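Novice: Now for the letters of each chain:
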Amino acid sequence: MAEVSVRKVVKEYDGGVQAVKGIDLEIADHEFVVLVGPSGCGKSTTLRMIAGLEEITGGEIWIGGDVVNDVPPRDRDIAMVFQNYALYPHMSVFDNMAFGLKLRKFPKDEIKRRVDDAARILDIAPLLDRKPRALSGGQRQRVAMGRAIVRNPKVFLFDEPLSNLDAKLRVQMRTEIKKVHQTIPTTTVYVTHDQIEAMTLADRVVVMNHGVIEQVGTPQELYHNPRTRFVAGFIGSPAMNFLPCRVTDGPSGGVGIRVTDNIVLPVPPARVDRYGKYKGKEMVLGLRPEHLFEYHEQGKPNWNRVDLPVDVVEPMGMETMVHFFVDGTPVCARVDPATHAEPGEMIALTADLNQMHLMDKDTGMVV
Amino acid sequence: MSATTANDAAKRAAATRHTTSLHRQRQWALWGSYAALTVFVVMFLVPPFYTLMTSLKSSAEISAQTGSPWIVRHPTLENFWYLITYPNFQTFYLNSVMITLVTVAVSMVISVLAAFSLSRMGFWGSQTLSTSVFLTYLIPPSLLFIPLFQIVGALGLINNVWCLILLYPTLAVPFCTWIMIGYFSSIPKELDEAALIDGAGYLQVLWQIFIPVAMPGIIAATIFAFTVSWGQFLYPLAYLYTSNQMVLTVGIISDLIRGDVFQWGKIMAACMLASLPPIIIYAFLMDYYVAGLTAGATKG
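As they're listed, the protein sequences go chains A and B. FYI, in numbering that gives the first Met the number 0 the residues of the first sequence are 0 to 366. FYI, in numbering that gives the first Met the number 0 the residues of the second sequence are 0 to 299.
Isolated chain A (complex conformation) (with noise of 0.2 Å):
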């Protein structure tokens, strides 16, 4: 077990691009830290570097108090699952996991326990004599874990373990890797592009953009607070709607966020000091989808009303999703399944103002 500090590390590849451009990232020991962004944001690099599989241009890691720079893979103490499983394809799952064990010389009886153990967490027992080959998708993964949890490591790296499953076997096993940490409490960095998967594993979430951490943070805290427009939007599926609006006064005194001039939605005291210094600016309103319901007469009282035409409606089950249009700009709101909008007719939306983010139009920061 141990800390992993990733100090000022940049990467940079012939030709001049820069993959990751010196980012800072201490990681507890025994902490869950998921990377997550978008493709080539420089998060399996990082991992990489951290694995040793990538050199380091510029900056330092560590690994339980020891820079690690040029320290390579097999004696980092740590251990790797892929995406693609890559098992060996010609050894049994037994020898696959026990390949490590064996080139590091540990004794028979201790690898044939530590496998057992291993195979009964993942609950492969069974297993141990076939083939990759004659595995499931979900059982290869399963045995790539074990490989990883056999060795006992300092530290576990997931490269987007669960992206080759499908649906159902990704949630399934997204609960094993969470069950596993449980059991075994080793520091873990897991990359994936999938928020779902950052923020249901997470201790804390690394969102990363163009090769530079956005913000690091508690799954609630990148969700409730996220500091930039991208974590914002990037964060919450589905996705945050944006729209572009102006700090003006309130419609009953106060300050207001106009976003057109039929819709001009009253700053909830508690923020009137926080967004009353942008008045007469151009911003951009982040409101969430759950953020957005139909309009009750019986609902909260001083919640606005804004009726507006229904684009597309999607039933999902336990809740709706309605698609419309603010002066040309995209929305969807989550609604109770029970809604009678219909595409082309008009429905009474109002929204919980106090959930609203503001974010500056240049910078998209949020303020």
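In case anyone wonders, no lab produced these hints; they're calculated from the structure. For clarity, every value in this text was computed on a predicted model and none was experimentally measured. Possibly wrong hints are sitting among the right ones.
DEER-style ranges, computed between Cβ atoms [as the list claims (entries may be wrong)]:
(1) P187/B to D108/A: 53 to 59 Å
(2) Y201/B to H89/A: 54 to 60 Å
(3) A104/B to Y12/A: 50 to 56 Å
(4) S141/B to G15/A: 27 to 33 Å
(5) H89/A to I138/B: 55 to 61 Å
(6) V66/A to T130/B: 35 to 41 Å
(7) Q89/B to D108/A: 54 to 60 Å
(8) F43/B to D128/A: 43 to 49 Å
(9) K101/A to T169/B: 36 to 42 Å
(10) Y201/B to H223/A: 46 to 52 Å
(11) T169/B to P184/A: 56 to 62 Å
In silico DMTMM-like pairs for lysine to aspartate or glutamate, Cα to Cα no more than 25 Å straight-line [what the hints assert, rightly or not]:
(12) K130/A to D286/B
(13) K188/B to D260/A
(14) K130/A to E60/B
(15) K188/B to E281/A
(16) K130/A to E189/B
Selected chain A positions facing chain B (in silico; Cβ < 8 Å) [stated by the list, open to error]:
(17) L46
(18) P72
(19) A78
(20) F81
(21) Y87
(22) F98
(23) K276
(24) G279
(25) V330
Glycine residues also receive a C-beta, built at the ideal position from the N, C-alpha and C atoms.
Got chain A sorted already, so can you dock chain B onto it with the hints?
Specialist: Frame of chain A, contents of chain B only:
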């Protein structure tokens, strides 16, 4: 109602026409393939068949101008027996076997190591070097044997089987390396990365992961190296001249053709005996050979 029925009938007729047309096209394609294959099979199998028939005839039957030359009237193994007990032929055979075994071993060790480093170790210039390796294969051996004569002469290896052991790998290594580069490149990179993280060094990755996984490619390359060495004619003709150093390909014609006397029965029997090792090896490993070449070509 009647309009609907008429429409349905028209659609069914169109579908039937379409199916029939496809069926006919497929029939033509099949017959065309069979015809082309038959021509090729005849072209390739007639010479060995003629060789076999002649090898089973006595000298008298070969000399006789009567009857069909494709049929053996009095089959005999005397030509085979003569060769098996003929010391020179035994020497040629042993020399060929020894040279081929050493050439295959040397070529494969060099090729596997070169292909692994070129395809996986990603050092500066590795891409250019892998292309250059293949380009060397494109130079015809017939252009090289005169300059190579100088080198072999300078090394004092003229009329010595060791000159062939030195030269054959230069013919086999480039293509074997090329096959292996293609095959190794088709192995997912994560496999060696997983092994490196598991604690393996590069040689352990090669020995414990790559060689078992790439076995079909290695067998394909081995068969190629074997064929190059076993069937080479030009170099032994140029560099060897005494019976005790000679190999099968040149030895058969230099020893069994005396002046203008062609011992056809013995020549053909020698050809049959010389063909045995490649036939046996191909028969056992053909599946691997084809799979190896395909994998290297399409995935590399």
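Novice: Work down the list of hints and note, for each, if the structure agrees.
Specialist: How the hints compare with the structure:
no., hint, result
1, P187/B to D108/A: 53 to 59 Å, "33 Å, violated"
2, Y201/B to H89/A: 54 to 60 Å, "18 Å, violated"
3, A104/B to Y12/A: 50 to 56 Å, "40 Å, violated"
4, S141/B to G15/A: 27 to 33 Å, "48 Å, violated"
5, H89/A to I138/B: 55 to 61 Å, "37 Å, violated"
6, V66/A to T130/B: 35 to 41 Å, "39 Å, holds"
7, Q89/B to D108/A: 54 to 60 Å, "55 Å, holds"
8, F43/B to D128/A: 43 to 49 Å, "45 Å, holds"
9, K101/A to T169/B: 36 to 42 Å, "39 Å, holds"
10, Y201/B to H223/A: 46 to 52 Å, "49 Å, holds"
11, T169/B to P184/A: 56 to 62 Å, "59 Å, holds"
12, K130/A to D286/B, "22 Å, holds"
13, K188/B to D260/A, "58 Å, violated"
14, K130/A to E60/B, "60 Å, violated"
15, K188/B to E281/A, "50 Å, violated"
16, K130/A to E189/B, "18 Å, holds"
17, L46, "12 Å, violated"
18, P72, "5 Å, holds"
19, A78, "7 Å, holds"
20, F81, "4 Å, holds"
21, Y87, "6 Å, holds"
22, F98, "5 Å, holds"
23, K276, "52 Å, violated"
24, G279, "55 Å, violated"
25, V330, "42 Å, violated"
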